[in-house]
Amino acid sequence: MQPDPASLPPEGQRPEPPAEASGIRKYLMSRGNSAIADAGFHWLMVLCAFSIFGIVALIATELVTHSTETWHKFGLRFFFQADHDPDTHLPLFWDPVNGHFSALPFIYGTIVSSILALIIAVPLSVGVAVFLTEMCPKALRGILAFLTELLAAIPSIIYGVWAVAVLVPIMREHVNPLLATYLGWTGLFVDDNPTGLGYTSAGVILAIMILPIISSLTREVMTAVPHSQREAVLALGATRWEMIRTGVLRNARIGIVGAIILGLGRALGETMAVTMVIGNTPEIHRSLLANGASMSAVIANEYAEAVTDLHRSALTEIGLALFIVTIIVNALARLLVWAVTRGTPPRVI
Amino acid sequence: MNTGQNSIRSQWRAFTDNAVTFLAILATAVVVLPLLAIFAYLLYKGAASVNLDFFTKVLKPPGEVGGGLANSIVGSAVLLAEASVIGVPIGIGGGIFLAEYGRGTKFANAVRFTADVLNGVPSIIMGVAAYALIVSPHISWLPFVGHFSGFAGGVALGIMMIPTITRTSEEMLLMVPNAVREAALGLGVPNWRSILSITVRTASPGIITGCMLAFARVAGETAPLIFTVLGNSFWSTSLNRPIDALPLRIYVLALSPYDDWHRMAWAGSLVLIVLIVLAVSLVRYVTSRGVMKGAS
Numbered sequence: 001m002q003p004d005p006a007s008l009p010p011e012g013q014r015p016e017p018p019a020e021a022s023g024i025r026k027y028l029m030s031r032g033n034s035a036i037a038d039a040g041f042h043w044l045m046v047l048c049a050f051s052i053f054g055i056v057a058l059i060a061t062e063l064v065t066h067s068t069e070t071w072h073k074f075g076l077r078f079f080f081q082a083d084h085d086p087d088t089h090l091p092l093f094w095d096p097v098n099g100h101f102s103a104l105p106f107i108y109g110t111i112v113s114s115i116l117a118l119i120i121a122v123p124l125s126v127g128v129a130v131f132l133t134e135m136c137p138k139a140l141r142g143i144l145a146f147l148t149e150l151l152a153a154i155p156s157i158i159y160g161v162w163a164v165a166v167l168v169p170i171m172r173e174h175v176n177p178l179l180a181t182y183l184g185w186t187g188l189f190v191d192d193n194p195t196g197l198g199y200t201s202a203g204v205i206l207a208i209m210i211l212p213i214i215s216s217l218t219r220e221v222m223t224a225v226p227h228s229q230r231e232a233v234l235a236l237g238a239t240r241w242e243m244i245r246t247g248v249l250r251n252a253r254i255g256i257v258g259a260i261i262l263g264l265g266r267a268l269g270e271t272m273a274v275t276m277v278i279g280n281t282p283e284i285h286r287s288l289l290a291n292g293a294s295m296s297a298v299i300a301n302e303y304a305e306a307v308t309d310l311h312r313s314a315l316t317e318i319g320l321a322l323f324i325v326t327i328i329v330n331a332l333a334r335l336l337v338w339a340v341t342r343g344t345p346p347r348v349i
Numbered sequence: 350m351n352t353g354q355n356s357i358r359s360q361w362r363a364f365t366d367n368a369v370t371f372l373a374i375l376a377t378a379v380v381v382l383p384l385l386a387i388f389a390y391l392l393y394k395g396a397a398s399v400n401l402d403f404f405t406k407v408l409k410p411p412g413e414v415g416g417g418l419a420n421s422i423v424g425s426a427v428l429l430a431e432a433s434v435i436g437v438p439i440g441i442g443g444g445i446f447l448a449e450y451g452r453g454t455k456f457a458n459a460v461r462f463t464a465d466v467l468n469g470v471p472s473i474i475m476g477v478a479a480y481a482l483i484v485s486p487h488i489s490w491l492p493f494v495g496h497f498s499g500f501a502g503g504v505a506l507g508i509m510m511i512p513t514i515t516r517t518s519e520e521m522l523l524m525v526p527n528a529v530r531e532a533a534l535g536l537g538v539p540n541w542r543s544i545l546s547i548t549v550r551t552a553s554p555g556i557i558t559g560c561m562l563a564f565a566r567v568a569g570e571t572a573p574l575i576f577t578v579l580g581n582s583f584w585s586t587s588l589n590r591p592i593d594a595l596p597l598r599i600y601v602l603a604l605s606p607y608d609d610w611h612r613m614a615w616a617g618s619l620v621l622i623v624l625i626v627l628a629v630s631l632v633r634y635v636t637s638r639g640v641m642k643g644a645s
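Taken in order, these protein sequences are the chains called R and P.
The numbering used here numbers the first residue of the first sequence as 1 and each following residue consecutively.
The numbering used here numbers the first residue of the second sequence as 350 and each following residue consecutively.
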């Protein structure tokens with residue numbers, strides 16, 4: 001730290017250091033005042049942090065300004081009603097060329113496929129989390145946790161490609177007939193779709209995609225439950241499952257609900273894999289094996305080739321609705337997870 | 350009599366305990382299965398088409414032998430470079446603010462929360478926003494604006510990187526012990542200098558890891574690119590024109606009716622997944638070795 005005296009400016013050009021000042025102090029005083037640099041750096045960092053709000057505001061304003069045309073023409077009706085064919089009285093949900101626009105089939109498809117995904121994914125991911133935190137031998141835990149993390153890192157498009165080539169044929173040949181045979185009485189499974197695409201296939205691929213998110217967050221909230229809780233329940237003579245049920249799951253339930261909602265948020269907005277397997281037919285079917293469409297899929301399919309400005313603005317409005325819904329769902333989920341993990345060090349998913 | 354009931358009850362408890370253990374193991378197996386299935390299938394279908402041509406030639410029309418996805422790979426690289434230029438400095442800056450200046454303040458909590466929420470916004474929304482912001486306005490004197498361009502896609506990807514990098518950088522900076530900061534400040538080093546050369550430097554392996562994670566995430570993104578970069582079957586590295594990207598090309602090839610193109614899609618998927626798995630494994634290796642241990 002002691003500078004070479006020859007490199008310092010000559011005496012007289014800098015403030016005279018006190019006689020007893022150390023070499024370091026002399027050196028630092030020669031460096032001048034850094035208040036401006038400090039303040040500048042501080043504000044630069046504040047600006048970077050502020051840009052996150054800026055991004056949200058920017059997305060919101062862009063989506064709102066580009067969807068005004070649809071809003072003025074249809075209003076809230078866009079989300080709840082559809083035009084009907086005057087002759088046959090069948091609904092005309094989405095016919096961009098003839099100017100019929102309604103978000104109804106897309107909202108329906110998004111909700112149905114996401115709920116299917118949750119029904120499949122929630123028990124599995126809680127099972128994985130329970131196994132990894134409470135039962136798994138230590139040596140295996142690292143590997144399995146890594147594998148589930150990898151599952152989260154695989155891009156949506158690869159899930160889609162795999163689903164089209166492997167999952168959809170399996171659904172068509174084996175799963176859909178089974179569902180129709182054993183659950184056909186509910187009226188929800190009518191196997192009249194020769195493609196194998198549809199709500200169910202989309203639900204299955206979505207389930208695979210949201211599993212790692214739900215299970216890693218569930219794991220996090222389960223780890224946040226203090227060990228004394230487990231020990232107390234075990235000391236009362238509980239079996240391991242009783243300990244997990246009363247000591248861990250009950251304490252972590254708010255966080256687990258948060259994890260599930262976060263998974264729901266991911267499922268609602270998932271685009272590529274759903275686009276490739278849901279069938280992209282803007283209709284509403286009671287049968288879960290029928291072709292459908294989802295909000296994100298219709299944007300991905302039609303945005304680049306929108307036929308009119310109204311068409312594009314309708315697609316933007318669907319995007320705006322998706323944006324608002326995912327923001328609300330994610331905020332809710334984060335609040336719930338925070339309620340449980342507050343106090344333990346944060347972790348990025 | 351009493352003991353008999355107790356033994357039935359304890360047998361039942363033991364049975365449920367075992368049953369739950371079995372179900373948990375089963376669930377884990379079911380979850381790991383698709384991962385292995387995807388890998389095995391990609392290797393089985395794609396490995397044969399990954400050769401030198403794949404990395405050096407442009408896609409041939411269906412029916413012709415040979416060809417590769419060189420333009421898509423280069424296009425992806427250009428887009429990711431642009432995204433990193435936008436996302437990495439702003440993201441790290443946000444992380445520095447959260448960890449060094451804003452600790453415990455309401456503003457910092459709001460930023461952290463918004464970053465987490467922004468992380469969950471679907472990527473297709475980023476694409477729509479980038480389209481509305483860059484592709485749709487017709488301002489003739491501005492470069493990149495008013496038409497499909499690589500620039501618009503890079504912006505969308507860059508914006509997606511910011512929240513992830515902000516949060517990981519913050520976490521890594523929080524792991525740097527306070528003694529290190531105090532030592533620097535005790536020597537009279539200005540605050541900004543102490544942050545950049547001491548704190549960030551100490552946390553740099555972790556921060557780089559976070560950046561790689563964000564990079565790996567956007568490398569596979571397709572949805573924000575469909576109507577921003579549009580795709581391009583020919584050589585183009587210009588940010589001012591439509592450009593190709595590997596995930597986007599995989600999407601087009603996979604939905605085409607040609608077997609040749611399907612094979613290329615498999616090969617492209619294999620290359621993409623190998624790159625991402627390498628990045629994630631590296632991240633895992635670096636973090637599990639405890640980079641931060643040297644600091645504490």
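Hints in this document: simulated from the structure, not taken from any laboratory.
Treat the numbers as computed from the prediction; the structure is a model and nothing was measured.
Glycine residues also receive a C-beta, built at the ideal position from the N, C-alpha and C atoms.
Errors might be hidden in some of the hints.
Quick list of simulated restraints, FRET-style, between CB atoms [claimed, not checked]:
#1 P:S489 x R:L44: 28 to 34 Å
#2 P:P606 x R:T88: 30 to 36 Å
#3 R:N98 x P:G453: 32 to 38 Å
#4 R:A339 x P:S356: 53 to 59 Å
#5 P:S630 x R:K26: 46 to 52 Å
#6 P:H496 x R:R141: 48 to 54 Å
#7 R:R245 x P:P438: 34 to 40 Å
#8 R:I254 x P:A396: 45 to 51 Å
#9 P:P526 x R:T61: 39 to 45 Å
#10 R:I115 x P:G535: 56 to 62 Å
Hints, verified against the model:
1. P:S489 x R:L44: 28 to 34 Å: holds, 33 Å
2. P:P606 x R:T88: 30 to 36 Å: The hint (30 to 36 Å, Cβ to Cβ) holds, given that P:P606 and R:T88 are roughly 33 Å apart.
3. R:N98 x P:G453: 32 to 38 Å: Violated, since R:N98 and P:G453 (Cβ atoms, about 58 Å apart) do not stay within the stated range.
4. R:A339 x P:S356: 53 to 59 Å: Because 42 Å falls outside the window, the suggested range is violated.
5. P:S630 x R:K26: 46 to 52 Å: Given range 46 to 52 Å: holds, Cβ gap about 51 Å.
6. P:H496 x R:R141: 48 to 54 Å: Hint holds: Cβ distance 51 Å, inside 48 to 54 Å.
7. R:R245 x P:P438: 34 to 40 Å: violated, 48 Å
8. R:I254 x P:A396: 45 to 51 Å: holds, 46 Å
9. P:P526 x R:T61: 39 to 45 Å: holds, 42 Å
10. R:I115 x P:G535: 56 to 62 Å: holds, 58 Å
Of the hints listed earlier, those the structure fails to meet are numbers 3, 4 and 7, in rising order.
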